[in-house]
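Participant: Here are the chains, one letter per residue:
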Amino acid sequence: MTEVGVTLIVLIVLLLVLLILILFLFFKIKKIQKDNILLRQQLLLSQLNPHFVFNSLSAIQSFMFRSEAHLGSKYLASFAKLTRLILENSRTQLCSIEQEINTITHYLELQQLRFDNKFSYKIVVDDILDKSMILIPPMLTQPFIENSIEHGFIHMSEEGLLTVSFKASGPKHILIEIEDNGIGIELGKTQLMTNGEKYKSLATKITRERIEGIRKSMGLKVELNIIDLSKENPQKHGTLVTMRIPINHG
Amino acid sequence: MVNAVIIDDETKVREVLVLLLRNYCPNVHVIGQANSVKTGYEVIVKSNPNLVLLDMQLSDGNGFDLLRKFSSISFGLIIITAYQEYAIRAFKYSAIDYLLKPIDPIELSNAIDRLSKTSENNLINQQFEALLANTESKNPPDKKIVLKTIDEIHVINTSEIIRCEAHNNQTTFVIQDYENITVSKTLKEYEDLLSEDGFVRCHQTHLVNKKHVKDKNYIPVLSFTMSNGDIVPISYRKKFLLKKLA
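Here the protein sequences line up with chains W and A, keeping their order.
Residue 171 in the numbering used here is what sits at position 171 of the first sequence, and the numbering runs on without skipping anything.
Count along the second sequence from 1, add 250, and you get the number used in the numbering used here.
Simulated pairs of lysine to aspartate or glutamate, DMTMM-like, Cα-Cα distance not exceeding 20 Å:
(1) A:Lys262 <-> W:Asp116
(2) A:Lys288 <-> W:Glu150
(3) W:Lys118 <-> A:Asp310
(4) A:Lys262 <-> W:Glu68
(5) A:Lys262 <-> W:Glu150
(6) W:Lys189 <-> A:Asp310
(7) W:Lys205 <-> W:Glu179
If you are wondering where the hints come from, they were derived from the structure by calculation, not from laboratory data.
Working from the sequences, and respecting the hints, build out all of it.
Facilitator: Take a look at the structure:
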């Protein structure tokens, strides 16, 4: 075989390898894009949970029939603002802490209305954090806030308290904490089980998938921890969810 | 006077129902409220209402869990739900009315009007029995459907329905060894419902049960011969059905 022939074969093999590599990368990128779209749809669906949406609208309807136009309009505006923010969030991967607090506040106000002020809430932000400049993935907290309200407080006789705090954690990270004084995640799980349903935490599943998606598409590593407070101190009850997120700056 | 009980886990929704009834259905009197399967059962047994407005999602279970506690019922039933979840199909089969939140006042008063016309307990119980039979197992061997005419209720096994035919906004059911029944609902509604029981829309005005298709004809027009000898036309768009069935 001539030298030219050998070079030709080597060249062809190289080209083939290159082609396979390109195809492989192409499909991998396609898959990541597809996963991302799916993730966003899931996020949108979990935030616009039909039970939340339609029961909130029913609650607003009740003001109309009691001729409390002022309150009705207030909650209707809150509902509209929340929907708008959720739609906005579904198009971007990051939002400022300020916008996040805005979204959570509207969400909590509507949940308070639905649950007849069965709970109160506090949103606390460390002074050293620049609320308008620090960016985080939007509404990572929402599934856990929903759990606190719909499972943590629902069987309680006393008033529930929910605290969402944004804290600095070292020079490069932000720590988000969602703490409630509800029945605690362990008891919550068993209660749901005795009702005949097999319990699987949708909030945890959705969030873990989303964290994985965020890691893949943005290289952002979010650390999630869920603690039943009674395990640390038997005198206490409730659930603490913490998320440690590397800071992005706008 | 209709004595009603409201069972919903959300305080505000119960409130709005009370207000809606007061404004739009003055003959309905709310005699009790509850928020769970447990308290709902207690309030029904204690106050013996004529009408129950029942939310599907309750704090300790769902509406079915509550209904299964009864072997027969002596009240009219209207289901309330936040969205059209899968469970709603079961109520469609039983021709039990359901309302979506937030509630349209007109739909509420229409549903209550319809109920007052079928207030005879044995008719309500036929619907209720069909509901329980259909929901006892995931895939009941013989699903029942309730067909409501102006003055009668028929409980029919879906496997015995040969075909359905549309006339304007009404649907006529042709049933094995049974009289024809005409119901004032569109064929489309029954197509959606019965498609999972092996029914196929073969023509704009015809829905057939696959099990009852016996033969196919090409002349004078594309058509099926059904088990009772009826000839049902097939529209040109649906001619692929000729290969799949018969």
